[in-house]
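Participant: Sequence:
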Amino acid sequence: MRALRDVAVGAALGAARSALAAPAQLGSAEPPAPVAEPPEPQQAECPVPCVDGIYVDEGGGGGVTVGRTWETGAVPNATYLRIDSVYLEQVALGRGRREGPNVALTFGVEGWMADGARGIGLPSIAWAGWRQPFAARGRGAGSFFGLGLGWSWALLDVHRGDAGFGVLAPKGQLSAGIDLAGVRVGAELTTQYRWQWGAPDRWQHAAGLSVWLTAEQWED
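Quick note on numbering: numbering that gives the first Met the number 0 labels position 5 of the sequence shown as 4, and the sequence is numbered without any gaps.
Think of the hints as simulated: they come from the structure by calculation, not from any bench.
C-beta atoms are modelled at their ideal positions from N, C-alpha and C, and glycine is treated no differently.
Hints may be right or wrong, so weigh each one.
Pairwise CB distance ranges, derived in the manner of DEER restraints [claimed, not checked]:
1) 59 x 199: 31 to 41 Å
2) 133 x 173: 17 to 27 Å
3) 188 x 59: 23 to 33 Å
4) 212 x 129: 15 to 25 Å
5) 161 x 133: 46 to 56 Å
6) 162 x 212: 27 to 37 Å
7) 200 x 76: 37 to 47 Å
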């Protein structure tokens, strides 16, 4: 009987030890590793300044314009030549498109010459218009048109010995043509009121053809 009692007591003590050890073992178990969440997609950075998907491409270049003038006064019709430098911005309505409004600022040197008359000036034009590509995407050719307003910083006209000097003479310009993605070929109409000291004020109108070479920051 004593042997049976010792066996029963030993079994009870063993069961009690197992019951006390189980919570400790459970508590010491390492928590499961957290499941890694997929990274959030990164929005592609604009290759050039952009706002809400509208991309602004910058560029610059220079051009030459040749044409004829006609005037309201006694000055005869003349041939004129102008050389310009230009800073331009093209607003693209989405990546890979060169369609949308464009603006430009030009600064140039011009001269005109006729029988018994000649003149020079330093014109500057702020120009705004639209470029419409022939293809849906890419760097291909397109058409453009625009309207510019500005002035000549200074001008000097000589007509039959009378010299006139003027500053900030207002000038307007209408132009259109073909943009070949680096080369612009166009036609223009300009008008200017040449106010001056030393000679009568007068209107000078002109029509000409221009060729521009431009380089633009652009990403397809």
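Participant: For the hint 15 to 25 Å, verify it against the beta carbon of residue 212 and that of residue 129.
Facilitator: holds, 21 Å
Participant: Look at the Cβ atoms of residue 188 and residue 59 and judge whether their distance stays inside 23 to 33 Å.
Facilitator: At roughly 24 Å between Cβ atoms, residue 59 and residue 188 fall inside 23 to 33 Å, so the hint holds.
Participant: Does 27 to 37 Å hold as the CB distance between residue 162 and residue 212, or does it fail?
Facilitator: holds, 35 Å
Participant: Has the hinted range 17 to 27 Å been met by the Cβ atoms of residue 133 and residue 173?
Facilitator: holds, 22 Å
Participant: For the range 37 to 47 Å, tell me whether the beta carbons of residue 200 and residue 76 fit it or not.
Facilitator: Cβ of residue 200 to Cβ of residue 76: about 19 Å, so the range 37 to 47 Å is violated.
Participant: Taking 46 to 56 Å as the hint, is the beta-carbon distance of residue 161 and residue 133 inside that range?
Facilitator: About 50 Å separates the Cβ atoms of residue 161 and residue 133, which means 46 to 56 Å holds.
Participant: For the pair residue 59 and residue 199, does the Cβ-Cβ distance stay inside 31 to 41 Å?
Facilitator: holds, 38 Å
Going down the numbered hints, you'll see the structure goes against just number 7.
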